[in-house]
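Novice: One-letter residues, chain by chain:
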Amino acid sequence: MADILYNTSAVLALIAIILAAWRLLKGPNVADRVVALDVMTIISISLIVYVASIAQRVIYLDVAMVYALISFIGVVAIARYLERGL
Amino acid sequence: MVKRFLILLVLVFFVIMLLPLVSDIQPQTELNPLAKKYVKDGPDELGSANLVTSVIVTYRGLDTLGEVAVLFIATAGVGFMLRRRKGSKTNPQKKRESSEILQTGTALLTPLIFLFGIYIFLHGHLTPGGGFQGGVVIASAILLSMLSFPQSEINHKILNAIESLSGVLYLVIGILGIYLAAGFLDNRILPLGDFGRLFSAGAIPVIYSLIGLKVGSELVGILDSMQRSDS
Amino acid sequence: MAVFGGIITFVGSIFLLLGALGIVRMPDVYNRMQAGTKATTLGILLFLAGIAIGHIECMCIFRILILILFIIFTNPISSHALARAAHHIGIPLTDKSVTDALAEDESEKEEAIS
Amino acid sequence: MTLVSIIGFVLIIVGLWGMLTQNNIIKIIIGFSIIDTGIHLLIVSIGYIKGKTAPIIDSVLLKTDAVNQVVDPIPSALVLTAIVIGLAVTALMLVYAVNLYQRKQSLDINDFEELKW
Amino acid sequence: MINGIIIVLGIIMIASAFMAIYMRSLLSSIIAAGVISLLASIIYLLLAAPDVAMTEAAIGSGLTTVVFLYAFNKVKGRGEDNHG
Amino acid sequence: MKIFKQGILLLLFLLLFWVLLTSIDSQELIAGGVIVILLTLVFSRKAAVFGDFQITFKSLIYSIAYIFVFLAALVRSNLDVAFRVLSPKLPINPGIVKVKTSLNSKTGRLVLANSITLTPGTLTVETKGDHFYIHWIDVSTQDVDLASQEIVSKFEKYLEVMFG
Chain A
1 MADILYNTSA VLALIAIILA AWRLLKGPNV ADRVVALDVM TIISISLIVY VASIAQRVIY
61 LDVAMVYALI SFIGVVAIAR YLERGL
Chain B
1 MVKRFLILLV LVFFVIMLLP LVSDIQPQTE LNPLAKKYVK DGPDELGSAN LVTSVIVTYR
61 GLDTLGEVAV LFIATAGVGF MLRRRKGSKT NPQKKRESSE ILQTGTALLT PLIFLFGIYI
121 FLHGHLTPGG GFQGGVVIAS AILLSMLSFP QSEINHKILN AIESLSGVLY LVIGILGIYL
181 AAGFLDNRIL PLGDFGRLFS AGAIPVIYSL IGLKVGSELV GILDSMQRSD S
Chain C
1 MAVFGGIITF VGSIFLLLGA LGIVRMPDVY NRMQAGTKAT TLGILLFLAG IAIGHIECMC
61 IFRILILILF IIFTNPISSH ALARAAHHIG IPLTDKSVTD ALAEDESEKE EAIS
Chain D
1 MTLVSIIGFV LIIVGLWGML TQNNIIKIII GFSIIDTGIH LLIVSIGYIK GKTAPIIDSV
61 LLKTDAVNQV VDPIPSALVL TAIVIGLAVT ALMLVYAVNL YQRKQSLDIN DFEELKW
Chain E
1 MINGIIIVLG IIMIASAFMA IYMRSLLSSI IAAGVISLLA SIIYLLLAAP DVAMTEAAIG
61 SGLTTVVFLY AFNKVKGRGE DNHG
Chain F
1 MKIFKQGILL LLFLLLFWVL LTSIDSQELI AGGVIVILLT LVFSRKAAVF GDFQITFKSL
61 IYSIAYIFVF LAALVRSNLD VAFRVLSPKL PINPGIVKVK TSLNSKTGRL VLANSITLTP
121 GTLTVETKGD HFYIHWIDVS TQDVDLASQE IVSKFEKYLE VMFG
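Protein chains in written order, with the numbering used here: chain A, 1 to 86; chain B, 1 to 231; chain C, 1 to 114; chain D, 1 to 117; chain E, 1 to 84; chain F, 1 to 164.
Take these hints with a grain of salt, some might be off.
[Unchecked claim] As a list, the in silico SDA-like pairs of lysine to any residue whose alpha-carbon atoms are at most 20 Å apart:
no. : chain 1 : residue 1 : chain 2 : residue 2
1   : F       : 128       : A       : 22
2   : F       : 106       : B       : 112
3   : E       : 74        : D       : 28
4   : B       : 157       : B       : 79
5   : A       : 26        : E       : 11
6   : F       : 106       : F       : 131
7   : F       : 46        : B       : 79
8   : D       : 52        : E       : 2
9   : D       : 50        : A       : 84
10  : E       : 74        : D       : 52
11  : F       : 106       : B       : 176
[Unchecked claim] Per the computed footprint, the stretches of chain B lying under chain E, defined by three or more beta-carbons under 8 Å from a beta-carbon of chain E, are:
no. : stretch
12  : 21-34
13  : 132-143
[Unchecked claim] Residues of chain E placed beyond 12 Å of chain B at every Cβ, according to the derived structure:
no. : residue
14  : 4
15  : 11
16  : 15
17  : 22
18  : 24
19  : 59
20  : 63
Hints were generated in silico from the structure; no laboratory data involved.
In this text, a Cβ means the ideal position worked out from N, Cα and C, and glycines have one as well.
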């Protein structure tokens, strides 16, 4: 029962990532694409934690932490570039 | 049109060349002999829980030395190509100030990311971290403060000192391994300690910390010279 | 306990999906950002909390706590930076918009200078 | 022929196609970094063994049982350093592109004819 | 389940690779290239290589993007990057 | 005195982070202590924002209350977003409005801006002096005072005590 719920959640997260990829493809200008990237990052963190839970390894969570910190910097960098402050 | 056809021809040739290589990859069912030796003997011999770390730092230590050297050369290349020419006037373009929210957030987060980077390379033998990852995280911390305070200067003397000092110490530890233990970059110059604790695995945490500092300062050097140079 | 965690995770993933749907359906950058930031933040909070509850024996609660704090702290900052940049380079608001106080203030300032 | 190796292979081909067809130097560098990612995926997929876990010994994975439960650590070790080197090499290539731009005020590869034959 | 995740992520990665090559604005190309390495790190984690996943996550989505952006700062033609 | 306070706060903050990352173990604590003290020495001058935290009993109570207020607002905002996204007509009425805040400390303003971003239908776009410019998905008033009343004041009274 619990396994079904977890797997369904992962499938929903995958659908969400596909939707975000659609916005990435279509987005009329760069800011839309960066928003899609931001959302994809967050959903990827949830997928990483899901993978850690099915692999039963606590240490995989370190990867998610690095991900959360560094991809934030990437988005901020693109924003600063757009407003010509880099 | 001819060009496009030629490109397609090259690509088809490449696919034909590469395809057997890829299709020969069979799903393995057990480790090959070399990997088996590393996995079997690694934990007892070197005391490192992360076997990838033991391969990088000790078993293939010379490769890592070479890779650090390549990184150093690339950094030197970037610095050389973007050096400030004498006499050319620096006209700093007007940059937009970053928002106050971002500045406050940076001031709060930078010490934290630093500590996290140090955690990553200090625990290279216990967790998936290591010197390369930790160095990148530390470079990212400095990058964040470069993003929100674009006018601030980095102290190049300290940067160069950290880089050279960690490089020299890395080599010294490697050579000490020849005299005190079995070979170059052997980690058994320090006692192995209890398996799975922080102060274990001999010199691996020390070596990885030095690699982390070196990689971090080199990446900061690349970023800094790419940001500073007047164009 | 595992089923309870599973339900929380499921609710979280629904919010993640809504966030992604929001960035597809909304008409302009700022509204997309609204949907993207809020829904994904609560979504991932619930997702991670559900996994931590479901695997309570794995001692990963502290790490997941740190992860949640990081995300709650950094996600709004990046959204804010992006919204500020988008407004500065003049990406227009959607036609349905009622008011734009910031653009009015900026243009007033420019007139005062010139 | 595993699933991931196919993805890596396709990425290599797509990156190569991009490198050959595009005229902009920056696009060529992007193609290079796509090839980079593809090759890394290919190498890591060689070391994977189905159903086994990461070669890190902790409370879940016992030292005595490790041989039967872990994947090959050597490809991971190779790729790990290669990624960092890839970043430095990308930075170096970009700096060359910037220098070329400062010479001729153009990023089009067809404008640089000195070494053509 | 794992195969399903790999297939979906792989398709998105390949689509992003095409996007990175054929997108007209360079900045969008960079963002698409960032997505490739973002998703590659999940695949590394599924292949039981967390070390590689961590390195790719740290470098691919943060530093590579920034290095490209710094290079853009030095070349002309940033004006048309904003739209499109 | 100020720098002393912010140094101590930074040290405690980093130490808490280290203990959460690692487990409570003698070797980890020794190494972590040394590193945290070194980092504090390096960063204490730059981290002036850490001096903004008020260390009183009242601010502790208010912090705990604030967490609940914030979580409630977050859940409400998500239901709001869900309603807007799922309804076929997209009932939005967006615009950028100006609000006024009386907070002075930098950390307080940061937390306020983050809270505004995460609560129903609002997103901080720009800060200028004591005015915030907020993208509001459903503009009901364009008056500065009324908008401030509606968006800012519910958080402000807590943050006033927590950060001064």
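Novice: Mind checking the alpha carbons of residue 74 of chain E and residue 28 of chain D for me, to see if they're no more than 20 Å apart?
Specialist: Holds. Residue 74 of chain E to residue 28 of chain D sits at ~17 Å (cutoff 20 Å).
Novice: Keeping to a limit of 20 Å between CA atoms, is the pair of residue 106 of chain F and residue 112 of chain B held or broken?
Specialist: holds, 18 Å
Novice: Taken at face value, is the distance from the CA of residue 52 of chain D to the CA of residue 74 of chain E at most 20 Å?
Specialist: Between residue 74 of chain E and residue 52 of chain D the Cα gap is close to 47 Å, so the pair fails against 20 Å, i.e. violated.
Novice: Need the status of pair residue 128 of chain F, residue 22 of chain A: alpha-carbon distance at most 20 Å?
Specialist: violated, 35 Å
Novice: At 12 Å, judged by beta carbons, does residue 11 of chain E keep clear of chain B as stated?
Specialist: Consistent with the label, residue 11 of chain E stays out of reach of chain B, its closest Cβ about 18 Å off (over 12 Å).
Novice: Taking C-beta pairs only, is residue 22 of chain E more than 12 Å away from all of chain B?
Specialist: Fine: 15 Å to the nearest Cβ keeps residue 22 of chain E off the interface.
Novice: For the pair supplied as a hint, residue 46 of chain F and residue 79 of chain B, confirm whether the alpha-carbon distance does not exceed 20 Å.
Specialist: violated, 28 Å
Novice: Check whether the Cα positions of residue 106 of chain F and residue 176 of chain B lie no farther apart than 20 Å.
Specialist: violated, 51 Å
Novice: Quick check for students: does the CB of residue 15 of chain E sit more than 12 Å from each CB in chain B?
Specialist: holds, 19 Å
Novice: Going by Cβ atoms, does residue 59 of chain E stay more than 12 Å from chain B at every point?
Specialist: The claim breaks: residue 59 of chain E does not keep its Cβ more than 12 Å from every Cβ of chain B (closest is about 6 Å).
Novice: Regarding the assertion that residue 4 of chain E does not contact chain B, is the least Cβ-Cβ distance greater than 12 Å?
Specialist: For residue 4 of chain E, whose nearest Cβ neighbour in chain B is about 17 Å away, the distance exceeds 12 Å, so it holds.
Novice: Would the pair residue 50 of chain D and residue 84 of chain A pass a check requiring their Cα atoms to be no farther apart than 20 Å?
Specialist: This hinted pair is violated, its Cα atoms lying about 48 Å apart.
Figure legend: structure checked against the earlier numbered hints; hints not met, in rising order: 1, 7, 9, 10, 11, 12, 19 and 20.
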